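Chemist: Chain by chain, the residues run as shown.
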Amino acid sequence: MHTGLTLFRAKLLPLLGLITLLLLGLLLRIYDLDDPPFDFHPTRQLRAAIITRGMYYQMDQAADPARKEQAIALWQTMETYEPPIFERLTAFVYLLTGGERLWIPRLLASLAWLAGGLALYDLARRVTSTWGAATALAFFVCLPFSVVASRAFQPDPLMVALTICSAWALERWSASDGTSWKWTLLAGIFSGLAILFKVLAVFGVVAMALGFFLTLQRRKQALRQPQTWVLAGLLTLLPAGYYLFGIGKRSADFAFFWTVQLADLLLQTKFYLRWLALLHGLVDPILIFLALAASFLLPARGKAAALGLWAGYLMIGLTFPYQVASHEYYSLPLLPPLALGFAALVDAISNRLKTQPRLARAGVAAIALVVLGYTAWVARSTLAAQSYRFEPVAWEKMGAALPRDGEIIALVHDYGNRLKYYGWRAPNRYWLTTGDSALMAAAGSSAPQDFDAYFDDQTKGMHYFLVTLFSDLEAQPLLKARLYDTYPIAQQGDGYILFDLTRSR
Amino acid sequence: MNPAHSKNRRWLESLRAALQPVFSVQVMAVAVIFLTAAILRFYDLSDPPLDFHPTRQLHSALISRGYLAAWGGGNLTDFERSRAVALGASESRIEPPVIEFLAACLALLGTDVIFAGRALAAGAWLFGGLPVFWTGRRFGGVTGGMVALLLFFFLPYAVIASRAFQPDPLMVSLIAWALWAILRFGDTPSPRRAAWAGLLAGAAILVKQVAVFPLGLAFAGCLLADWEWHRAAHSRTVWLIGILSFLPALLYNVYGVFGDGFLSQQYALRFFPALYSDPGFYIRWMLKVESTVSLPVLLGALLGLALLQNRNGRGLLIGGLAGYLLYGFAFAYHISTHDYYQEPLFPLVALGMAPLAGWIWKGIGERSGKPGRVLSAAALIGITLFTLYTTRSTLRRTDFRPEPPLWRALAAKMEYDSANVIGLFDDYGYRLMYWGYMMPANWSTTGDEQMRILAGQTLTPQDFQTITGSKRFFVVQNLKELENQPILRNTLYNNYTIFDQTNAYIVFDLKSPKNATQPGQ
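Protein sequence lines, in the order shown, are assigned to chains A and B. Reading the first sequence from the start, the letters are residues 1 to 505 in our numbering. Reading the second sequence from the start, the letters are residues 506 to 1026 in our numbering.
If we strip away everything but chain A, and leave its shape as in the complex, we get (with noise of 0.2 Å):
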C-alpha cells in the first residue's frame, strides 16, 4: 500500500500533471483555429501562406494550370527569409491531405511549441524538481501571449522550440562531461536547425554552448576531445551552409540594413523604452525581474542554460533593435528563460513548503490552480475576443473586381498579404505607409523634399492607385489631397478605393 503510494506520487503523478498541461495546452491553441490568422502579425502569416500554396500547387499534379501558374508566381513575390522549412513540410501536408487548409500549419507550429514544452519539462526537471518543471511547463504554453503567437504561421515557433531542444541536449551533453556521442549529435543537430529554422537562434544557442562548455569538469581535455569539436561543427555548418552559402549576399543585405543602418537607435533612450513598453504588454515587468533574479538561483547548467537565452535574448534586441521593439514575435525567445527562472523559483519554495502543514500545502496548490485557471481563461478570452471569418470574402471579392488592364501602385495592409492571398492579385509597386518611412527615416534615409515630383516618380507607369489602409491615408495629408482632387474614382468596394491615375478630375 505504502510502495503504491509513493509510487503514485513518485511516477504516476508527475506524469498525470505532464499531461494534463500539454493536454491544456492544445486545448488553448486549438480553440477557434479555423480563424483566418490576423490574430498576430498578418503580413508574416500570410507571407508563409502564400508560400506554401505556391510550394502546394507546384507539387499537385492535379492543379488547374492557370491557377498554379498564379500561385507560384505570387510565391515568387516573397523574399526569402530562413529556409522555407516550415512551408514546405506544410505544403506536403496539405498534398497528403488533400487541400489547403490555413489551420494544418497553425495546428503543426502548436505541436512544435508543445514537443518544445515537454523537452522544457525534462529540462528543468533536471536542474530543478518536478514542482519547478511543472511550473515552467505551465507558464510556457498557459502563457496568453505565448497560446496566440506560438501557434502562428512563421517559423518562429519552431525556432524556440529548437532553441530548448538544443538547451536540453546540450544539457545532458554538458552532464556526460561532453563525453557521449549521442548526445553530442543530438545537440549539434537541435543547434544547427534551431538556426537554420531562423537565425536569430544563434545568439542563444551560442551563448548556453559556451554556457554549458564552462560547465564541463575537464575542459581543456574537452577541447582535445572529437565530440566538441563534432558539436560545433553542426552547430555552425548546418546554419552556415545556407545562410553564407546558399543566401549569403541576401544575408548581408539584411543584416547591413537591419543592423548595421540601425544601430544608431541603440543609441536613442527611447528604443529602450519602446522594448519595454513592447515587453510590458506581452509579460508583467515584475515576473520578467523574478524570473532574471531567480535564474541565478539555479545549479551550474541550469544557468547555462538559462543566462544563454537571457544574453540571447538580449543579443536579438541589440541587433535588431527596430524589430524587436515593434514586433512581439521577436520577444517569443524570452519565454523558456523566463519559465526556467520560475522553475528555480518554484523549486526552491518547494522545498520549504515541504516543512509545512499539509493545509498550508493544500493551500498552496489551490492557488497554483485558480492562477493557472485564471491564466487559462484570459489566454481562451483572447482568442475569443475576436473574429476574422468575414475578412476573407472581402479581399476575395476585391481581388476579383479589380482591372487587370494597367498597373496598380498600393498603400494596403500588410504589403499587399492579404490581397495577394485571398485575392490572388498582387500590386505591381506599393506606396510607402508612414511606418515605412519612419523606417527609412531611423535607417539615414531623408523624406523627399518635393512631394510632387515623390508621387510623380512611384506613380509612372502606373495606372491605378489602391488605397485599403485609410488610417494611413489619413497619415499622410498631402497624398489624400493629391488624389482626392486631382483623379477619378475608378472603383469602390468595401474596404478599397481604386482611383484612376489615367485621367483627371
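If you're looking for bench data, these hints aren't it; they were derived computationally from the structure. Source: prediction; values computed, not measured. Ideal Cβ positions, reconstructed from N, Cα and C, are used throughout, including at glycine. Each hint should be verified, as a subset may be incorrect.
[Unchecked claim] Facing chain B, according to a computed beta carbon distance under 8 Å, are these residues of chain A, among others:
| id | residue |
| --- | --- |
| 1 | G248 |
| 2 | L273 |
| 3 | L276 |
| 4 | L282 |
| 5 | D284 |
| 6 | L287 |
| 7 | A293 |
| 8 | L297 |
| 9 | L314 |
| 10 | Y374 |
Go by the hints and put chain B onto chain A.
Modeler: Structure of chain B alone, referenced to chain A:
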C-alpha cells in the same frame, strides 16, 4: 599637539561616527526612494482630480470646501460661500470626514482645497512607507524592506490612487502603521505597545471602517501564531488593543445611527450575497486585483508568506489577507467594480514580497556571488525606472484644466437654479456641483439600476414626464450611457432643442420643444 586642535578633532570624529549610519548606502537608497516617490506624487498635482474616481474625490472636495467656507476661508463671493456651505453639508458622511477636515485646515493657509486634499493623501501614503520599510526589513532584511517599499510606492496604481482626495490613502497608511505596531506588540507584548497598536488600528478603522477586516484578522492571526486562545482572552493588553481599535468607530456609528441619524441610510446597497454564486463576480474581482496590485505581485506575496520565518509576521499577513477576502465578500459588488477597494491589499502584498526578495537576494549571493547580485540589482533598478517613466507619462498625458471653466460657465448660463436641472452624468453631477455651485437631480444610469436589482430592490421604469416635469434643462454628460438608453435618447433628440453643447456635455432645453410654434413665427 595643541589641546584645542585635538578637541576639535575628537569632536569631528564623534560627529563622523554619529553621521556614518545616516550616510550609509542603505539609508541613502531608502532616502532616494522616498524622495522619488514624493516627486512623482506631487507631479502635476494641481490638475483637477478627474483622472481617478472623480465622484469620490469631488465628494470629499465638496465637504472640505464646505468647512473652509463656513470658517470664512477661501476666496469666495457671498453667493459661492453660502452655496459651498450648503453643498458641503448636503454630502453624506459614511466615514468621519478626517481628511476633508485636515484639507480645509491646510487650505486656510491659502492653497486650493483640492490640492490640499491631494497633497495630504500623497503625504499620508509616503508616511506609510516608513512602517512598510521597517516591517519589510524584519521579514526579509534590508533588501526585503527596500523591495516592499518599492512596490508600495511605485506600483503604477499606487502612484495614481495615493494622490486621490479620498480617505483611502490615509486609511492605507494607517493600516501599514497599525500592522507594524501589532507586530511589535506580538513580538514583545507590553501595555505601551498595546496602546500604540490599538490607537493606530483605531485611527485606521475610524478613517474608513473597512480597515476593520484586514486589521481585525491580522491582529487575530498575529496573536494566535504565538498565544493560546484562553491566554489571549484573559490578557488585559489584548483587550486594550481591542477596545482602542473598535471604540472610536463604534462611537461614530452609534452617534451616526442613533444620535444624529446621518448614517441610518448609509448601509443600504452594500451587501450583495447573490453575487457569490456568479462566476463572473470572481473573474471581475481578479481583474480588479490584476489592474491594481497585479497578479504576479499577489502571487509573489503568497510565495513570500511560505518563506517567512517570523511566526507572528506570518500570522499577521495571513490574517490580513484573510481579512481582505472577507471584506471582498462583504462588499461583493464594490470589490468587483471599484478598483480603489483593493487598496488595503497594497501594504499586505508589499510586506509579503519582502521575505521572497530577501530570500532570493540571499540565494543569489550564495549561488552566484557578486556578479549575480549586481545583475539582479541592475535589472531591478531598470524595471523601477521604466515603471516610473510610464507612470509619469500617464500623469502627463491628461490635462483636465479646461474642465472647471466649462462647468462654471454652464452653471451661469442655467442661472444657478438647481431646481431646474436634471442630468445624465458620469459622476452624479459632481462637476456641476463643485465648480458650478449647483445641485442637479440625477437621471438613473443602467449601472445604478443593475445595482438596485442585485440588491433585491424593485424598480419602476423612469417616467420622463414625471421626473422632468418641473425641470427646464436636461444635461447629458455621459453620452455613452445615453446610447444605452435609446428611449431617453430619442425623447431628447426628437423633442427638445439643444440649449448648449461642448465636448464635455449637451444640454437640452425641456421648455423649448422642437415642434412648438415660436413667438413671432
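Chemist: Decide, hint by hint, whether the structure agrees.
Modeler: So, going through the hints one by one against the coordinates:
no.: 1; hint: G248; in the structure: violated, 37 Å
no.: 2; hint: L273; in the structure: holds, 6 Å
no.: 3; hint: L276; in the structure: holds, 5 Å
no.: 4; hint: L282; in the structure: violated, 13 Å
no.: 5; hint: D284; in the structure: holds, 5 Å
no.: 6; hint: L287; in the structure: holds, 5 Å
no.: 7; hint: A293; in the structure: holds, 4 Å
no.: 8; hint: L297; in the structure: holds, 5 Å
no.: 9; hint: L314; in the structure: violated, 11 Å
no.: 10; hint: Y374; in the structure: holds, 6 Å
Hints 1, 4, 9 from the list above are not met by this structure, while the remaining hints are.
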